[in-house]
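Enquirer: Using the sequences provided together with the hints, build the complete structure.
These protein sequence lines map, in sequence, to chains A and B.
Under my numbering, the first sequence has 29 at position 29, and the numbering climbs by one with no breaks.
Quick note, my numbering runs 229 ahead of the 1-based positions in the second sequence.
It is worth saying that the hints were derived from the structure and are not from the lab.
Every value quoted in this text rests on a predicted model; they were computed, and no experiment measured them.
All C-beta atoms, glycine included, are put in the ideal place defined by N, C-alpha and C.
Be a bit skeptical, because a hint or two may be false.
What the hints assert, rightly or not - Straight-line distance between alpha carbons at most 20 Å, and here's what the computed EDC-like set of lysine to aspartate or glutamate pairs gives: (1) B:Lys369 / A:Asp210; (2) B:Lys348 / A:Asp210; (3) A:Lys172 / B:Asp518; (4) A:Lys172 / B:Glu296; (5) A:Lys172 / B:Asp370; (6) A:Lys172 / A:Asp210; (7) A:Lys148 / B:Asp352; (8) A:Lys209 / B:Asp352; (9) A:Lys201 / B:Glu396; (10) A:Lys213 / B:Asp352; (11) B:Lys363 / A:Glu84; (12) B:Lys236 / B:Glu436; (13) A:Lys175 / B:Glu458; (14) B:Lys270 / B:Asp518; (15) A:Lys172 / B:Glu458; (16) A:Lys148 / B:Glu396; (17) B:Lys363 / A:Glu204; (18) A:Lys175 / B:Glu396; (19) B:Lys270 / B:Glu296; (20) A:Lys172 / B:Asp393; (21) B:Lys348 / A:Glu136; (22) A:Lys175 / B:Asp393; (23) A:Lys172 / B:Glu396; (24) A:Lys194 / B:Glu396; (25) A:Lys209 / B:Asp370; (26) A:Lys172 / B:Asp468; (27) A:Lys194 / B:Asp393.
Unchecked claim - Some chain B residues near chain A, calculated using beta-carbon distances under 10 Å: (28) Ser355; (29) Leu361; (30) Ala388; (31) Ser392; (32) Gln398; (33) Ile400; (34) Lys405; (35) Leu421.
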Amino acid sequence: MIGMIKKPIEEILGYLEGKKRILIYGCGGCATVFHTGGEAEVNEMKKVLVENGKEVLAAVSVPFGEFSCYAPWVIKRISGYMEELENCDAVLMMSCGDGLQVMREIMEEEFGLVKPIYPATNPVGHMGGGPRIFKEKCIQCGDCELGKVSGICPLTQCPKSLLNGPCGGVRKGGKCEVNPDMDCAWVQIYRRLKELGELEKMDEILPPKDWSKTQRPRVLEVEPLSPGE
Amino acid sequence: MAEPFRKILKSGKFIVTAEVGPTKGTNIQKMIDHIELLKLKVDALNITDNQGAIMKYPSLGGCLLIEERGGEPILQVTCRDRNRLSIQSDLLFAFSRGIENVLCLTGDALKMGDHPQAKPVYDIDSVQLIQLVKILNSGKDIAGSKLNGGVDFCIGAAATPSSDPIEPQLIKYRKKLTAGVDFIQTQAVYDLDDLRRFVDYSRNINEEVKILAGIILLSSVGMAKWLNENIPGILVPGDFIDKLAEAPEGKGLSKGIEIAGELIRKIKDKEICDGVHIMAIGREEKVLDILEAAGI
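Expert: Have a look at this one:
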């Protein structure tokens, strides 16, 4: 999931300066889990924008389970708000950057609309866990190392993304040099490999990472799911 | 003119290296003064590389100053600030200007320095860096292309003999030995039993690698506690802090020199390892006093 926090309202109002008629669009995916773009937040944002002199043409709440980065679902839902979309001065997207840019492309390519579109959130990491605590797990490196390191990602859990063991800065008791509240990623990997009886995996010198696999922007082409999904 | 460090490593003598910390700016006179003071009194001089993630005059620049003045420099390279391209380029330049010794380091985290918003690089780690230097030594870059004019570095790495827990550190250390180092400069040591255990462990794997124990000059209780809290990999034990506390007002530095000298003398007399690496942070002019206190 993409962990998110809300942007400060002052920043959002700054983007919307001079734009009176606004369409708000939420997200039923990660933004609902992180309370940055679910139904409650969309309704709250409508209230705040109206208090700040805006005219909210539509505040589109998206039900939980419908993520706003999946274009077929966005096209289906926004098609019911074409008048508002055509008449608005700006769209405020309460999703992550994926959702915002998907919406922008849909507006341009499906409907021929070139309009300002602004973010309401700051994405802060690819996270997993819950229901309350979420932690960053994956940096989408394109060449997953988890099979070599007992299922603990050193690129994400180690602030220095080290591949061959801990740095010399490990604090007493095995705590991380950079985040003293955390166990050093490599101490964690060592303990788990030991428990699995696979410590010899740590003896292997892993070569320099192929960072070209993270060269952005990345594109994937897949077989679409069945119609209606 | 200083002897080549790689020759000294094979000489069997008790080796002494020291570090000089560069300045934050281009007013390099103090650094030059430290270099002139120490260049022929120690076997080699390290210049630190944005130590503590604080922006300073570069190690490469400081090493050139040492080389030009007839000393023997050890270039410190961290993985924090440069990717594999610029590391290789810098090494080509360094060798072309007579710098033949390199210490391969991970690099202190940006968070602890004065540019915490910078983007950390860590394109490679210290083990891969050792391998990189080895590959350059073989006449190619790490993409496999032949070099037009090669290098032949003497390769060093760091170690932390008193890390807790020690086992993951030792596994990484083994990898450094496998990757191919000629010498080790350890983080500050205070527990000589830990040091001896570490040296025995290392020699069981590779007898040839020379180990130099890190010695930090303490100047006060406050400094010792500050090091413990802020500098990764250093832990000044309670009994050393007590010794510093015993020093009369204003005599903390003298006590620190005495402590450092005593540590070095014990290491030398008991033949615990192959030498020492003296880090008199901010007080490079005291290195000679430490050597005198050690009877060297």
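Enquirer: Looking back at the numbered hints, which does the structure fail to meet, lowest number first?
Expert: 3, 4, 5, 6, 11 and 35
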